[in-house]
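*Asks:* Listed below are the residues making up each chain.
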Amino acid sequence: MNDTQAGAGPAPDLIDTLVGLAPGDALYATRHARAKVVDATQASQALFFAPGGNSLPLEDRLMVALHASLLSRSEPMAAYYRDALDKAGADAQKLAAIEQGDISGLADTRLKAMLAFTETLITRPIEGDRDALLRLQAAGIATPDIVTLAQLIAYLSYQIRVVAGLKAMKALEQA
Amino acid sequence: MSTIIKQNGFTNETLDWKAWLDVVDLNKATPEQMDVLEMSHPKAKVQDYYRFLAHQPAILRQRSEAFNAIMYAPGGLARADRELSSLAVSRINGCVYCASVHAQRFEQLAKRNDTVAQVFDDPASAGTNEREKAIVQFSIRITQAPENIGPADIQALKDAGLNEAEILDLLHAAAIFAWANRLMLNLGEPELAQQA
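Chains as they are written, first to last, in the numbering used here: chain G, 13 to 187; chain S, 252 to 447.
If we strip away everything but chain G, and leave its shape as in the complex, we get (with noise of 0.2 Å):
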């Protein structure tokens, strides 16, 4: 899911690639005044979706972020999340129902509960609550991994809303 070539440097930042900032543009400087802000939002992404060393599987990962996307309306974040998805040879079957919309039949219990957690803290985040945390781990997910997973659909609520208003910044600078 890495276009970049070894040794070619960082990735581009996820978020000016998506509201499409360059150097150059007013609103790019204004964002990178912000270094710290654009730093940490930039290693967020790339600890959330970093191939390895993560006990959640890459692919679970990226179907928990094109749910949340998808359930946000957030054309731009779906569509990066289907792509990487469909780089990483995803599973078609899995695709096609969140796409659907309907998660109830998916025979990967462990998915299913990690999509459902996210449903909940993206549509109704007011309704969590211990149970939740108790079926995550009956569906074998440990503790530090549901940290990781409730922190990576926390941090997407961030990045869909982000991107949003940049991209209404964007509009705005050039109509």
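Be aware that one or more of the hints could be misleading.
Claimed, not checked - Restricting the straight-line Cα-Cα distance to at most 35 Å, the calculated cross-link-like pairs of lysine-lysine (DSBU-like) are:
| hint | chain 1 | residue 1 | chain 2 | residue 2 |
| --- | --- | --- | --- | --- |
| 1 | G | Lys124 | S | Lys279 |
| 2 | S | Lys279 | G | Lys48 |
| 3 | S | Lys296 | G | Lys124 |
| 4 | G | Lys48 | S | Lys409 |
| 5 | S | Lys296 | G | Lys48 |
| 6 | G | Lys48 | S | Lys362 |
| 7 | G | Lys48 | S | Lys269 |
Claimed, not checked - One side of the interface only, derived from the structure: several residues of chain G facing chain S at Cβ under 8 Å:
| hint | residue |
| --- | --- |
| 8 | Arg43 |
| 9 | His44 |
| 10 | Lys48 |
| 11 | Ala52 |
| 12 | Ala102 |
| 13 | Ile115 |
| 14 | Leu118 |
| 15 | Ile138 |
| 16 | Leu145 |
| 17 | Met181 |
| 18 | Ala183 |
| 19 | Leu184 |
It is worth saying that the hints were derived from the structure and are not from the lab.
Since the model is a prediction, treat every value here as computed from it, not as a measurement.
Even glycine gets a Cβ: it sits at the ideal position worked out from N, Cα and C.
With chain G fixed as given, assemble chain S onto it according to the hints.
*Replies:* Relative to the frame of chain G, chain S by itself:
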């Protein structure tokens, strides 16, 4: 000493927060976990929230770098305005714990709490002036329907006197509370603070 404001289940009183699952035991914490707790928040070692998130120290480190830069960096949007956005987002998402913390911070910075009472009472109409109203309106809209945010929302902020750098800071403050609220609401629950 601040006046206590209680409305619709929200309060500006000091609350504690308890994790629903096991937190990191400080006696067994790795050096990396201790280091990230220290950089995250002055009281992180005694707070369940940070000790739970410290199960994944590298992720917590980037979250804290982003959070602290967004909420505390000098320049740009006034810090009271950033707190107002955090408060409005927390009110909309129903995060009672986050709302209490950021109600207090708003009051410390703004030296008044009239807007806090308004946000608790009816966020849709909250704001003591046009600038505050615009900040709260944007925060509500990006929380509820980020897919509907467009140039008109940005123009409304400009019309209320915000420049581009301030609008970016506002966007970051609202967005980082989409992140923070979801963790606070789904990993544990608030309780009234013990008297020291």
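*Asks:* Hey, Lys296 of chain S versus Lys48 of chain G, does the alpha-carbon distance stay inside 35 Å?
*Replies:* Distance ~24 Å between Lys296 of chain S and Lys48 of chain G Cα, so the pair holds.
*Asks:* Should the interface hint for Ile138 of chain G be scored as holding, given a Cβ-Cβ cut-off of 8 Å against chain S?
*Replies:* holds (4 Å)
*Asks:* Given Ala52 of chain G as an interface hint, is its Cβ closer than 8 Å to any Cβ of chain S?
*Replies:* With Cβ-Cβ at 4 Å, under 8 Å, it holds.
*Asks:* Would the pair Lys48 of chain G and Lys362 of chain S pass a check requiring their Cα atoms to be no farther apart than 35 Å?
*Replies:* Answer holds: Lys48 of chain G to Lys362 of chain S is near 29 Å, not above 35 Å.
*Asks:* Min Cβ distance, Leu145 of chain G to chain S: is it shorter than 8 Å?
*Replies:* Where the cut-off is 8 Å and the nearest Cβ of chain S is about 5 Å from Leu145 of chain G, the hint holds.
*Asks:* Hint Lys48 of chain G vs chain S: min CB-CB distance below 8 Å?
*Replies:* Where the cut-off is 8 Å and the nearest Cβ of chain S is about 4 Å from Lys48 of chain G, the hint holds.
*Asks:* Answer holds if the nearest beta-carbon of chain S is closer than 8 Å to that of Ala183 of chain G; otherwise answer violated.
*Replies:* At about 4 Å, which falls below the 8 Å cut-off, the nearest Cβ of chain S leaves the hint on Ala183 of chain G intact, so it holds.
*Asks:* Interface hint check: Ile115 of chain G, Cβ to nearest Cβ on chain S, cutoff 8 Å. Holds or violated?
*Replies:* Cβ of Ile115 of chain G sits 18 Å from chain S, so the hint is violated.
*Asks:* Does Lys48 of chain G pair with Lys409 of chain S here, judged by a C-alpha cut-off of 35 Å?
*Replies:* Distance of about 25 Å is within 35 Å: holds.
*Asks:* Taking the closest Cβ pair, is His44 of chain G under 8 Å from chain S?
*Replies:* violated (10 Å)
*Asks:* Tell me if the interface restraint on Ala102 of chain G is satisfied: Cβ within less than 8 Å of some Cβ in chain S.
*Replies:* Hint on Ala102 of chain G: violated, closest Cβ of chain S at ~23 Å, above 8 Å.
*Asks:* Given Leu118 of chain G as an interface hint, is its Cβ closer than 8 Å to any Cβ of chain S?
*Replies:* Cβ of Leu118 of chain G sits 21 Å from chain S, so the hint is violated.
Violation of the numbered hints given earlier is confined to hints 9, 12, 13, 14; the remaining hints are satisfied by the structure.
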